[in-house]
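Chain by chain, the residues:
2 protein chains.
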Amino acid sequence: MIHFSINKAFFLQALNATKRAISSKNAIPILSSFKIEVNKDAITLTGSNGQISIETIISSNNEDAGLLVSQTGAILLEANFFTNIVSSLPDIIFEFKEIEQQQVLLVSGKSEITLKGKDVSHYPRLQEMETSQPLVLKTELFKTLISETAFAASHQESRPILTGVHFTLTNNNELKAVATDSHRLSQRKMTLDKTSANFDVVIPSKSLREFSSVFSDAVETIEVFFSDSQMLFRSDTINFYTRLLEGNYPDTDRLLTNQSETTLVFSTGALRQAMERAFLVSNATQNGTVKLEITSQKVTAHVNSPEVGKVNEELDVLESSGSDLTISFNPTYLIESLKALKSETVEIHFISPVRPFTLLPADDKENFIQLITPVRTN
Amino acid sequence: MIHFSINKAFFLQALNATKRAISSKNAIPILSSFKIEVNKDAITLTGSNGQISIETIISSNNEDAGLLVSQTGAILLEANFFTNIVSSLPDIIFEFKEIEQQQVLLVSGKSEITLKGKDVSHYPRLQEMETSQPLVLKTELFKTLISETAFAASHQESRPILTGVHFTLTNNNELKAVATDSHRLSQRKMTLDKTSANFDVVIPSKSLREFSSVFSDAVETIEVFFSDSQMLFRSDTINFYTRLLEGNYPDTDRLLTNQSETTLVFSTGALRQAMERAFLVSNATQNGTVKLEITSQKVTAHVNSPEVGKVNEELDVLESSGSDLTISFNPTYLIESLKALKSETVEIHFISPVRPFTLLPADDKENFIQLITPVRTN
Numbered sequence: 001m002i003h004f005s006i007n008k009a010f011f012l013q014a015l016n017a018t019k020r021a022i023s024s025k026n027a028i029p030i031l032s033s034f035k036i037e038v039n040k041d042a043i044t045l046t047g048s049n050g051q052i053s054i055e056t057i058i059s060s061n062n063e064d065a066g067l068l069v070s071q072t073g074a075i076l077l078e079a080n081f082f083t084n085i086v087s088s089l090p091d092i093i094f095e096f097k098e099i100e101q102q103q104v105l106l107v108s109g110k111s112e113i114t115l116k117g118k119d120v121s122h123y124p125r126l127q128e129m130e131t132s133q134p135l136v137l138k139t140e141l142f143k144t145l146i147s148e149t150a151f152a153a154s155h156q157e158s159r160p161i162l163t164g165v166h167f168t169l170t171n172n173n174e175l176k177a178v179a180t181d182s183h184r185l186s187q188r189k190m191t192l193d194k195t196s197a198n199f200d201v202v203i204p205s206k207s208l209r210e211f212s213s214v215f216s217d218a219v220e221t222i223e224v225f226f227s228d229s230q231m232l233f234r235s236d237t238i239n240f241y242t243r244l245l246e247g248n249y250p251d252t253d254r255l256l257t258n259q260s261e262t263t264l265v266f267s268t269g270a271l272r273q274a275m276e277r278a279f280l281v282s283n284a285t286q287n288g289t290v291k292l293e294i295t296s297q298k299v300t301a302h303v304n305s306p307e308v309g310k311v312n313e314e315l316d317v318l319e320s321s322g323s324d325l326t327i328s329f330n331p332t333y334l335i336e337s338l339k340a341l342k343s344e345t346v347e348i349h350f351i352s353p354v355r356p357f358t359l360l361p362a363d364d365k366e367n368f369i370q371l372i373t374p375v376r377t378n
Numbered sequence: 001m002i003h004f005s006i007n008k009a010f011f012l013q014a015l016n017a018t019k020r021a022i023s024s025k026n027a028i029p030i031l032s033s034f035k036i037e038v039n040k041d042a043i044t045l046t047g048s049n050g051q052i053s054i055e056t057i058i059s060s061n062n063e064d065a066g067l068l069v070s071q072t073g074a075i076l077l078e079a080n081f082f083t084n085i086v087s088s089l090p091d092i093i094f095e096f097k098e099i100e101q102q103q104v105l106l107v108s109g110k111s112e113i114t115l116k117g118k119d120v121s122h123y124p125r126l127q128e129m130e131t132s133q134p135l136v137l138k139t140e141l142f143k144t145l146i147s148e149t150a151f152a153a154s155h156q157e158s159r160p161i162l163t164g165v166h167f168t169l170t171n172n173n174e175l176k177a178v179a180t181d182s183h184r185l186s187q188r189k190m191t192l193d194k195t196s197a198n199f200d201v202v203i204p205s206k207s208l209r210e211f212s213s214v215f216s217d218a219v220e221t222i223e224v225f226f227s228d229s230q231m232l233f234r235s236d237t238i239n240f241y242t243r244l245l246e247g248n249y250p251d252t253d254r255l256l257t258n259q260s261e262t263t264l265v266f267s268t269g270a271l272r273q274a275m276e277r278a279f280l281v282s283n284a285t286q287n288g289t290v291k292l293e294i295t296s297q298k299v300t301a302h303v304n305s306p307e308v309g310k311v312n313e314e315l316d317v318l319e320s321s322g323s324d325l326t327i328s329f330n331p332t333y334l335i336e337s338l339k340a341l342k343s344e345t346v347e348i349h350f351i352s353p354v355r356p357f358t359l360l361p362a363d364d365k366e367n368f369i370q371l372i373t374p375v376r377t378n
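Just so you know, the sequences run in chain order A and B. Just so we're aligned, residue 1 is where the first sequence starts under UniProt numbering, counting upward by one. Just so we're aligned, residue 1 is where the second sequence starts under UniProt numbering, counting upward by one.
Don't take every hint at face value.
Identical copies look the same in the list; a pair holds intra-copy or inter-copy alike.
[What the hints assert, rightly or not] Here are the simulated lysine to aspartate or glutamate pairs, EDC-like style, with alpha carbons at most 16 angstroms apart:
1. Lys-118 <-> Glu-128
2. Lys-116 <-> Glu-307
3. Lys-138 <-> Asp-316
4. Lys-110 <-> Glu-314
5. Lys-365 <-> Asp-119
6. Lys-19 <-> Asp-91
7. Lys-310 <-> Glu-100
8. Lys-310 <-> Glu-276
9. Lys-8 <-> Glu-307
10. Lys-116 <-> Glu-100
11. Lys-110 <-> Glu-276
12. Lys-118 <-> Glu-307
13. Lys-365 <-> Glu-307
14. Lys-310 <-> Glu-98
Quick caveat, the hints were computed from the structure, so don't treat them as lab data. This structure is a prediction, so every number in the text was calculated from the model and none was measured.
Bound conformation, chain A alone (with noise of 0.2 angstroms):
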């Protein structure tokens, strides 16, 4: 029979935390509830969405969060109504009380709120890791390089590979990331400081995205472990577990190229709000593109949507080199890998209209490259 007390607003924090995890419409509906484990001096929350997991660690050596412990347990309480509940309370601290089987008693200041909650048992069991010899990544780093690679992947099941994130280490520290909808592709390298077993694996992009939200930039570090199916990145209070894809990730290294006919270098803001305009208007059109003509005089973008109107305009070019070329192109593509761009110009390598060309930020030209794939017009 669980009994603690606790600082509201630090318990409400971890609470919004941990239902990053959770969905709303889950086909498994005890999975809307909060696991809450209460033991000697820490509080577990756990959330899931049977995809990725949240585990969110109170511990009562924290003093921001005035955990005391009277009698530990373990409960299933729904939770959004519960952190709704939570939100509510009138004072600065709760107390937490189960009173009878699966029914906790919240009180705070002269409120009084009786809630019924499940048997912890009905709870599916999260699949154990083994957390020896961890990879130990920067956090920032590391949310770089999701920015910068799983926009790339694809957002439709029918190839359920493309919509992870294929991570790999060789040599023990060379990391790298590739992601592609098989239109698009967005490849990272990045050398580790400590070396580490090597892996290949992929993770779904949802998963990453959430990493993202999940771990604050004052996160500094991150272990991360690997099981076969799942993985589990690690901070002091938060373990975020993903479930990995099965499968094999296409080999994409044949499809990098330093083959170059036409070069360009723009600068990455004022190209994007072109190519964001174009798209305005090629948006009109279904599969509308925006075509690029190049000539040693000037490089101009072209939209027609005979039903909305057209965009004829001048790009400003920094540097170019090469032959004439005219190559047609679906501006989203363009738009989503300048964003992913932190450098800011932009050095872009056509062979031909049909063959896809390549991105290279002016700044980092070895470790990061994208690819565009044309698309074939008369």
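Assemble chain B onto chain A, guided by the hints.
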């Protein structure tokens, strides 16, 4: 054939203000367009959803607008699309030029965008209003009046007249606004500085909420004009038209009473927070209510939702007089009523468990009164 140039940011602001009247899914497709009328010394932008219409006037006298008209004319352009295009333009100013019938060329920096428009004759005629003898209202006061009453109007179309707020002017300067959905009522009175012709109209509460968004607090006063079926709120740069509701508004005066068997005074904020806690639990049950038990010793609030839990809470009462009473009601009504109160303390008068109770702001008991009907429970 229209031709003008204008400051992009200023024009965009005017487009966004006008777009408030345009619903993206209107039964009349042409109403998804702006009507753009260019005269020698001003542009008038019109948006409408058939119920409300907004005209925004950009004068060439306004230096911020940077408006230079070379040729006049009128055209219809799809509102969302045109707004997005203008927003994407690269330069501070842009040129708007009708290049052939219903074809517009926008030129900004090196970008040229051609858009298809529609003939202005397709646009419905806004009813003309006679604009002599305005009623002049302080914008801020009128907004207060709206926020104190419009929320109490009905959201259901079963009795359309109750979806409006009943405004009357009597004795040429006594303004009264009443709204009720038959479960609760809110009435605000106000004495105007200047006299005006008496009126009796029912304004859709939706239009009133829109009023508060359309006229910024920078607009000190607005002029008000009536016809039989619509009214016009006018500032220097904006004409805001709304249809009036037809039919007789029920006599609400007979519902108001000075009778009181039990009187309580609460801190508005503390009572609201207690009711919000009560609502969280009552809301889990259909037609869930909160029960107030008033004795000379204390006032307590109780909710019992067998599915999810219970609330028991002692309320802090600032003053209390009269007989003991137990009364049940929907906490939502009390929450919304307290939100509408600017006063720090609220006086509540109860007559019996089955008669509506009355809320008065402690600092202005003469001019603002609200009623809430209790729920009979066993």
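Structure-based check of all given hints:
1. Within a single copy, Lys-118 and Glu-128 get their C-alpha atoms no closer than 23 angstroms, and across copies no closer than 65 angstroms, so neither meets the 16 angstroms cut-off.
2. For the homomeric pair Lys-116 and Glu-307, the shortest alpha-carbon distance between copies (7 angstroms) is at most 16 angstroms, but the shortest distance inside one copy (58 angstroms) is not.
3. In this homomeric assembly, Lys-138 and Asp-316 never come within 16 angstroms of each other (Cα to Cα): the closest approach is 37 angstroms inside a single copy and 51 angstroms across copies.
4. When the C-alpha separation of Lys-110 and Glu-314 is checked against a cutoff of 16 angstroms, the pair qualifies only between copies, where the shortest distance is 6 angstroms, while the shortest distance within a copy is 69 angstroms.
5. In the homo-oligomer, the alpha carbons of Lys-365 and Asp-119 never lie at most 16 angstroms apart, since the shortest distance is 56 angstroms inside one protomer and 52 angstroms across protomers.
6. For a Cα distance limit of 16 angstroms, the shortest separation of Lys-19 from Asp-91 qualifies neither inside one copy, at 23 angstroms, nor across copies, at 44 angstroms.
7. Taking the shortest alpha-carbon separations for Lys-310 and Glu-100, only the inter-copy value of 14 angstroms comes in at or below 16 angstroms, while the best intra-copy value is 70 angstroms.
8. In this assembly of identical chains, the alpha carbons of Lys-310 and Glu-276 lie at most 16 angstroms apart only when taken from the same copy (14 angstroms versus 53 angstroms across copies).
9. For the identical chains of this complex, Lys-8 and Glu-307 are neighbours neither inside a copy (57 angstroms) nor across copies (25 angstroms), given an alpha-carbon limit of 16 angstroms.
10. In the homo-oligomer, the alpha carbons of Lys-116 and Glu-100 lie at most 16 angstroms apart inside one protomer (10 angstroms), although the nearest pairing across protomers, at 70 angstroms, exceeds that limit.
11. Taking the shortest alpha-carbon separations for Lys-110 and Glu-276, only the inter-copy value of 15 angstroms comes in at or below 16 angstroms, while the best intra-copy value is 56 angstroms.
12. In this assembly of identical chains, Lys-118 and Glu-307 lie within 16 angstroms of each other by CA distance solely across copies; the values are 12 angstroms between and 57 angstroms within a copy.
13. For a Cα distance limit of 16 angstroms, the shortest separation of Lys-365 from Glu-307 qualifies neither inside one copy, at 40 angstroms, nor across copies, at 61 angstroms.
14. Taking the closest pair of Cα atoms, Lys-310 and Glu-98 come within 16 angstroms of each other only across two copies (14 angstroms); inside a single copy the shortest separation is 67 angstroms, beyond that limit.
Hints 1, 3, 5, 6, 9 and 13, counting from the list given before, are not met by this structure.
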